[in-house]
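J.: Produce the complete structure using the sequences and hints provided.
Read in order, the letters of the sequence shown are residues 50 to 475 in our numbering.
Hint data in this document are derived by calculation from the structure and do not stem from the laboratory.
Glycine included, every Cβ here is placed at the ideal spot set by N, Cα and C.
Accuracy of the hints is not assured; some may be wrong.
Said to hold, decoys possible - Pairs of lysine to aspartate or glutamate residues, derived as EDC-like cross-links and limited to a Cα-Cα distance of at most 20 Å, are as follows:
#  : residue 1 : residue 2
1  : LYS127    : ASP116
2  : LYS370    : ASP408
3  : LYS370    : GLU391
4  : LYS61     : GLU250
5  : LYS283    : GLU343
6  : LYS127    : ASP184
7  : LYS283    : GLU300
8  : LYS283    : ASP388
9  : LYS283    : GLU257
10 : LYS381    : GLU391
11 : LYS61     : GLU303
12 : LYS370    : GLU416
13 : LYS370    : GLU413
14 : LYS127    : GLU80
15 : LYS370    : ASP388
16 : LYS381    : ASP280
Unchecked claim - Distance ranges between label pairs, derived from CB positions:
#  : residue 1 : residue 2 : range
17 : ASP184    : ASP358    : 51 to 57 Å
18 : GLU126    : GLY90     : 43 to 49 Å
19 : ALA297    : LEU93     : 24 to 30 Å
20 : LEU93     : PRO301    : 37 to 43 Å
21 : GLN434    : LYS381    : 44 to 50 Å
22 : GLU64     : ALA353    : 26 to 32 Å
23 : VAL425    : SER88     : 24 to 30 Å
24 : GLN354    : HIS472    : 34 to 40 Å
25 : ASN304    : ARG192    : 20 to 26 Å
26 : GLN354    : ASN304    : 51 to 57 Å
27 : ARG371    : GLN266    : 45 to 51 Å
28 : ASP184    : ARG371    : 50 to 56 Å
29 : ALA183    : GLY129    : 46 to 52 Å
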Amino acid sequence: MQAIRDLISRHKAGEPIGITSICSAHPLVLEATLRDALSRGQELVLIEATCNQVNQEGGYTGMTPADFRAFVIGIAEKVGFDPAHLALGGDHLGPNPWTSLSAAEAMDRAEAMVSAYVRAGFRKIHLDCSMSCADDPVPLPERVIAERAARLCAAAEAAYGPGGDAPCYVIGTEVPVPGGAAEDLDELAVTDPAAALATIEMHRELFEQSGLGGAWQRVIATVVQPGVEFDHDKVVDYRPERAGALSAAIEPVENLVFEAHSTDYQTPAALAALVRDHFAILKVGPGVTFALREALWALDAIEAQTVPDARCARLREVALKRMRAEPGNWRKYYHASGDALELQLQFSLSDRIRYYWPDPAIAEAQERLFANLRDVSPQLPLLSQYLPLAYAEVRAGRCSLDPAHLVMAHIAATLEAYYGACHPNA
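T.: Printed below as a string of structure tokens:
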């Protein structure tokens, strides 16, 4: 996509700018993102769908890439954000949803997925084949990862065809697990600079050998590990001194920056340092849906204080009941029991509850909660107690007492840190 490539060119020329990639399919997160961008006069907003959320088989949202594009554009039109300033991306596009299958079958499905994304108008494509399939060795050899990425790039190019705004690509073999680490973390090894450069060169050679020289000119970033991650209850913060050599290594590489995954929960100062150090694309997903959950739980508490018991939606209770009844989306990540499991289900930084918001019973409870709080508006003292960030926006006259607006005001506080990091001179 030319607008993103232009931004990367500006960064390579010395401007300390970057772009935030919002990896979420929740309507309130997306509306908050677009309203925030509109208030700032942003001319480019990047929203990405992940392979597990959205694919040709529906993903956990039930949406195909074409459905997701229509969904996002509908929200943009609702808030008055010009869709021409939207960039849509596909995150972790590869065999990840089908790793229980053979590599041959999983890659066939991955090809179909990448093609569907490109045909639907997604123009930032993260080619991620770093995971092993059922009949693969563990770990997967780096050359196999790169060969599969080239194969998926060829499928994307075929789906794109000539003319129009051509796709840009993100590569890499040292890719953090989508959604945060499942194991406890203490400290991470930063990618070796020589290894990062070798990965880039390997991809370049394989792209050229596959007749993808033109596509290689549109590769804008590679994914590495800058020493940034989170697990259920800890955050590994970015330490610039540990990534100095890695940061310097990308400077002479034409057209490429680093894409930083798992930046959720980093401090504003750490996010700004990442952009300065050429991690110019900042991915965030669970961080914004965690803020969404915080706000919804706060509204649930306010409801309990203000709405007659018989009318309460009890969103929190309904959500936890549905998570216990359908554990498939969290069981392989949460291994605690008893009270510790209850804490993980609700409060884990990996935020696996995000998979459950489309559940009909949970969605109905959320609608009832919002209806109740529209009938009985939250009082300012309760807002100050449970949603102090939204309270400040209400007091400043920038937010109404509508529950959806209160949720979006809380999410916007997370977005503000990313905007500041990517636009330090704004």
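J.: Hints first: check each against the structure and report whether it holds.
T.: Consistency of the hints with the structure:
The hinted pair formed by LYS127 and ASP116 meets the criterion: a straight-line CA distance of about 17 Å does not exceed 20 Å. Our distance criterion of 20 Å between C-alpha atoms is met by LYS370 and ASP408, whose separation comes to about 11 Å. At roughly 11 Å between alpha-carbon atoms, LYS370 and GLU391 fall within 20 Å of each other, so this suggested pair holds. Straight-line distance between C-alpha atoms of LYS61 and GLU250 comes to about 19 Å, which keeps the hinted pair within the 20 Å bound.
For the hint linking LYS283 to GLU343, the alpha-carbon distance of about 17 Å falls within 20 Å, and the restraint holds. Our distance criterion of 20 Å between C-alpha atoms is broken by LYS127 and ASP184, whose separation comes to about 46 Å. Using a Cα cut-off of 20 Å, the hinted pair LYS283 and GLU300 is violated, with the two alpha carbons roughly 31 Å apart. Between LYS283 and ASP388 the CA atoms are separated by roughly 18 Å; this keeps the pair inside 20 Å, and the hint holds.
Between LYS283 and GLU257 the alpha-carbon distance is near 42 Å, which puts this suggested pair outside the 20 Å criterion. Distance hint between LYS381 and GLU391 is fulfilled; the C-alpha atoms sit about 15 Å from each other, no more than 20 Å. For the hint pairing LYS61 with GLU303, the CA-to-CA distance comes to about 8 Å; that is within 20 Å, so the pair holds. The suggested pairing of LYS370 with GLU416 holds, with an alpha-carbon distance near 17 Å, which does not exceed 20 Å.
For the given pair, LYS370 sits about 14 Å from GLU413 by alpha-carbon distance, which is consistent with the 20 Å threshold. Restraint check for LYS127 and GLU80: satisfied, since their Cα atoms lie roughly 9 Å apart, inside the 20 Å limit. Restraint check: the Cα-Cα separation between LYS370 and ASP388 comes to about 15 Å, which is no more than 20 Å; the hinted pair holds. The hinted pair formed by LYS381 and ASP280 meets the criterion: a straight-line CA distance of about 14 Å does not exceed 20 Å.
Taking the beta carbon of each, ASP184 and ASP358 are about 56 Å apart, inside 51 to 57 Å as hinted. Look at GLU126 against GLY90: about 18 Å separates their beta carbons, and that is not inside 43 to 49 Å. Taking 24 to 30 Å as the suggested C-beta distance range, the pair ALA297 and LEU93 conforms, at roughly 27 Å. For LEU93 and PRO301, the Cβ-Cβ distance of about 26 Å falls outside the hinted range of 37 to 43 Å, so the restraint is violated.
At roughly 36 Å, the beta carbons of GLN434 and LYS381 sit outside the given window of 44 to 50 Å. A hinted range of 26 to 32 Å is violated for the C-beta pair GLU64 and ALA353, which are about 49 Å apart. One distance hint, 24 to 30 Å for the beta-carbon pair VAL425 and SER88, holds here, with the actual separation near 28 Å. At about 39 Å, the beta-carbon gap between GLN354 and HIS472 stays in the expected band of 34 to 40 Å.
One distance hint, 20 to 26 Å for the beta-carbon pair ASN304 and ARG192, holds here, with the actual separation near 23 Å. Evaluation of the 51 to 57 Å hint for GLN354 and ASN304 yields a pass: the beta carbon distance comes to about 55 Å. Under the hint 45 to 51 Å, the C-beta atoms of ARG371 and GLN266, about 47 Å apart, fit the expected range. Distance hint check for ASP184 and ARG371: the Cβ-Cβ separation is about 35 Å, which falls outside the suggested range of 50 to 56 Å.
For ALA183 paired with GLY129, a C-beta distance near 47 Å keeps the hint of 46 to 52 Å intact.
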